[in-house]
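Participant: Residue numbers (my numbering), protein chains in the order written: chain A, 1 to 220; chain B, 1 to 389.
For the record, the hints were derived by calculation from the structure and aren't laboratory data.
All residues carry an ideal CB built from backbone N, CA and C; glycine is no exception.
A couple of the hints might just be wrong.
Said to hold, decoys possible - Facing chain A, a subset of chain B residues (Cβ under 8 Å, in silico):
no., residue
1, 52
2, 373
3, 374
To be verified - Derived DEER-like restraints, expressed as beta-carbon distance ranges:
no., chain 1, residue 1, chain 2, residue 2, range
4, A, 26, B, 315, 33 to 43 Å
5, B, 358, A, 200, 54 to 64 Å
6, A, 67, B, 23, 13 to 23 Å
7, B, 314, A, 147, 51 to 61 Å
Claimed, not checked - Facing chain A, according to a computed beta carbon distance under 8 Å, are these residues of chain B, among others:
no., residue
8, 319
9, 321
10, 340
11, 341
12, 345
13, 347
14, 349
15, 351
16, 353
17, 354
18, 380
Below are the chains, spelled out letter by letter.
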Amino acid sequence: MNAEPPQAVRPGGVRYVAKNMRLDLRLIAGMIAPASRVLDIGCGDGALIAHLTRELGCDARGIEIDMAAVADAVARGLAVMHGDADTDLAHYPDQAFDYVVLSRTLQAVERPREVLRQMLRIGARAVVSFPNFGHWLVRWQLLSSGRMPLTPTWDRPWYETPNIHPCTILDFFALCRGEGYRVEQWLAANEAGRRAPWRRSVRLANLFGEQALFVLHRAA
Amino acid sequence: MIVAETPQRATPHGLAHQAVHFEDGLLLDCGVRLGRLSVAYRTCGRLNAERSNAVLVCHALTGDQYVAEPHPLTGKPGWWEAVVGPGRPVDTNRFFVISANVLGGCMGSSGPASQKDGQADGGSAVLWGTDFPPVTIRDMVRAQKRLIEHLGIERLFAVLGGSMGGMQVLEWAALYPESVFAAVPVATAAYHTAQNIAFHEVGRQAIFADPDWAGGRYWEAGKVPARGLAVARMTAHITYLSEQALTRKFGRRLRSGASLTLFDDLFEVESYLRHQGSTFVARFDANSYLSITRAMDFFDLAAEHGGDLARAFAGAKTRFCVISFSSDWLFPTAQSRAIARALNQAAANVSFVEVESDKGHDAFLLDEPEFHRTLAGFLSGSGRLIGLS
Numbered sequence: 001m002n003a004e005p006p007q008a009v010r011p012g013g014v015r016y017v018a019k020n021m022r023l024d025l026r027l028i029a030g031m032i033a034p035a036s037r038v039l040d041i042g043c044g045d046g047a048l049i050a051h052l053t054r055e056l057g058c059d060a061r062g063i064e065i066d067m068a069a070v071a072d073a074v075a076r077g078l079a080v081m082h083g084d085a086d087t088d089l090a091h092y093p094d095q096a097f098d099y100v101v102l103s104r105t106l107q108a109v110e111r112p113r114e115v116l117r118q119m120l121r122i123g124a125r126a127v128v129s130f131p132n133f134g135h136w137l138v139r140w141q142l143l144s145s146g147r148m149p150l151t152p153t154w155d156r157p158w159y160e161t162p163n164i165h166p167c168t169i170l171d172f173f174a175l176c177r178g179e180g181y182r183v184e185q186w187l188a189a190n191e192a193g194r195r196a197p198w199r200r201s202v203r204l205a206n207l208f209g210e211q212a213l214f215v216l217h218r219a220a
Numbered sequence: 001m002i003v004a005e006t007p008q009r010a011t012p013h014g015l016a017h018q019a020v021h022f023e024d025g026l027l028l029d030c031g032v033r034l035g036r037l038s039v040a041y042r043t044c045g046r047l048n049a050e051r052s053n054a055v056l057v058c059h060a061l062t063g064d065q066y067v068a069e070p071h072p073l074t075g076k077p078g079w080w081e082a083v084v085g086p087g088r089p090v091d092t093n094r095f096f097v098i099s100a101n102v103l104g105g106c107m108g109s110s111g112p113a114s115q116k117d118g119q120a121d122g123g124s125a126v127l128w129g130t131d132f133p134p135v136t137i138r139d140m141v142r143a144q145k146r147l148i149e150h151l152g153i154e155r156l157f158a159v160l161g162g163s164m165g166g167m168q169v170l171e172w173a174a175l176y177p178e179s180v181f182a183a184v185p186v187a188t189a190a191y192h193t194a195q196n197i198a199f200h201e202v203g204r205q206a207i208f209a210d211p212d213w214a215g216g217r218y219w220e221a222g223k224v225p226a227r228g229l230a231v232a233r234m235t236a237h238i239t240y241l242s243e244q245a246l247t248r249k250f251g252r253r254l255r256s257g258a259s260l261t262l263f264d265d266l267f268e269v270e271s272y273l274r275h276q277g278s279t280f281v282a283r284f285d286a287n288s289y290l291s292i293t294r295a296m297d298f299f300d301l302a303a304e305h306g307g308d309l310a311r312a313f314a315g316a317k318t319r320f321c322v323i324s325f326s327s328d329w330l331f332p333t334a335q336s337r338a339i340a341r342a343l344n345q346a347a348a349n350v351s352f353v354e355v356e357s358d359k360g361h362d363a364f365l366l367d368e369p370e371f372h373r374t375l376a377g378f379l380s381g382s383g384r385l386i387g388l389s
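This is chain A alone, in the form it adopts within the complex (with noise of 0.2 Å):
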């Protein structure tokens, strides 16, 4: 998951926490219209919604699992409240939200498939980011060593990684199909959140994205 160490944000530093967010956290950001209602799920430190609610005026809330990124992103002024994907986001009223974000979080829920629900209960859109299983480094080490593979993306072993439900592009388009979701925009990165101009063939995608964004709204 995210190993990158969580980012100090000085009170009012706006542009400092623009030009240092995470580069996927950017790509998610400008996925979402300004002033809209934002709930992201496994926020971290907040840098998202800080960067919602100073640069775009969002009302955005978060959630996080981790009691000490919990306290660090309140006492920054944020909204964020502690909870677990799992659970708590049945108790949120239907269409409380635009956009519900979950990023590099779905592979790692219990229930991704119930937490992709809820998302799209609580908000017309759900804005899902997850790293990719397909990626061909992932299944070169698998096929060559016959070992589960150790990349950048994937850096923990299988007795010890929260990522229990690991997926590829194409597994989630089969998902969303599935489960009658409509796919209103994706995109492919590597792993620091770059745009990677796979963008005409999912399958070259799937091949050579580490991760991949998802913007989701439920079919009419």
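Add chain B to chain A, keeping to what the hints say.
Facilitator: Leaving out everything else, chain B in the frame of chain A:
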């Protein structure tokens, strides 16, 4: 005249606290109308020109309005000086802090120890005693609202409080949502559990069992049910601490020179509790203790809203910061989480933090840097939204 202000002053009967008196009284939840409502209060800091920087601090069962100044009766520091003061999380250089003695209290607000309705001023005062009508947390909040209006404040920037103070915070947000910009309920619950009520009942029975209680009319004979009230305090005090805190403070240590005896205090923890009991008696009224514990026991915010806590906060624009402490078993984190979830259900803006601490329920009164950092950050973040610097 409907409203009268009286300053803090010495009287032949002892200290009179600063208070405002509403001669049109207050209709209580029990149906009785108090003929005259007195609200004793203190303020700290300065109200800005826009009247937008007022913070109401609600006190707990045995607290009072002396939040950030020495107590006029005991001389001890204010009970929340760790949190309220210049440069503190509730910074009195930025905020105008108001704190009122609760309805039913014994520091100058209407309560069992205050002068009964219809009694002329001066002479030997007749007190309410146990004739004081039962009050609720909601009554306490209504009384505070009168004070806030009297001070010319339409909307409070924040309402905060721990334990029973947190109950008042929740009631404020439910009853006057337009008047509360930010709410911080700390170490509290939306209702009193059977266990909470049970502990309070032990305390009340201890007071009833003291012959000096005299059916609640002890003040007529100039007596105080000191033993009963002390035992009530001792029982309650145990519930405010965690096992770890007691172990760290006292363990099984014996008083120096103690030998095995049946009735003398042998363990340090015993002597500590006895001290807590006896100092409490010197500053608190037994009938007030009965009145306020009843109000807490009766509190059930969901029940006031058709059994659905989320409905209490429906449409709330208030920003909430719910804070609990990991070792608090009197108002455990699960209770705070239930409040946070109800607020989610009401689509309210809510932050929720459980502070790691081994100090039990009392942690909210003590030096807890993470709590203070969280509170300060929440207040600053909320202040930015309305242009409070």
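Participant: Against this structure, judge whether each hint is valid.
Facilitator: The hints, checked one at a time:
{"no.": "1", "hint": "52", "result": "violated (17 Å)"}
{"no.": "2", "hint": "373", "result": "holds (5 Å)"}
{"no.": "3", "hint": "374", "result": "holds (5 Å)"}
{"no.": "4", "hint": "A:26 <-> B:315: 33 to 43 Å", "result": "holds (34 Å)"}
{"no.": "5", "hint": "B:358 <-> A:200: 54 to 64 Å", "result": "holds (58 Å)"}
{"no.": "6", "hint": "A:67 <-> B:23: 13 to 23 Å", "result": "violated (50 Å)"}
{"no.": "7", "hint": "B:314 <-> A:147: 51 to 61 Å", "result": "holds (55 Å)"}
{"no.": "8", "hint": "319", "result": "holds (7 Å)"}
{"no.": "9", "hint": "321", "result": "holds (7 Å)"}
{"no.": "10", "hint": "340", "result": "holds (6 Å)"}
{"no.": "11", "hint": "341", "result": "holds (4 Å)"}
{"no.": "12", "hint": "345", "result": "holds (5 Å)"}
{"no.": "13", "hint": "347", "result": "holds (4 Å)"}
{"no.": "14", "hint": "349", "result": "holds (5 Å)"}
{"no.": "15", "hint": "351", "result": "holds (5 Å)"}
{"no.": "16", "hint": "353", "result": "holds (5 Å)"}
{"no.": "17", "hint": "354", "result": "holds (6 Å)"}
{"no.": "18", "hint": "380", "result": "holds (5 Å)"}
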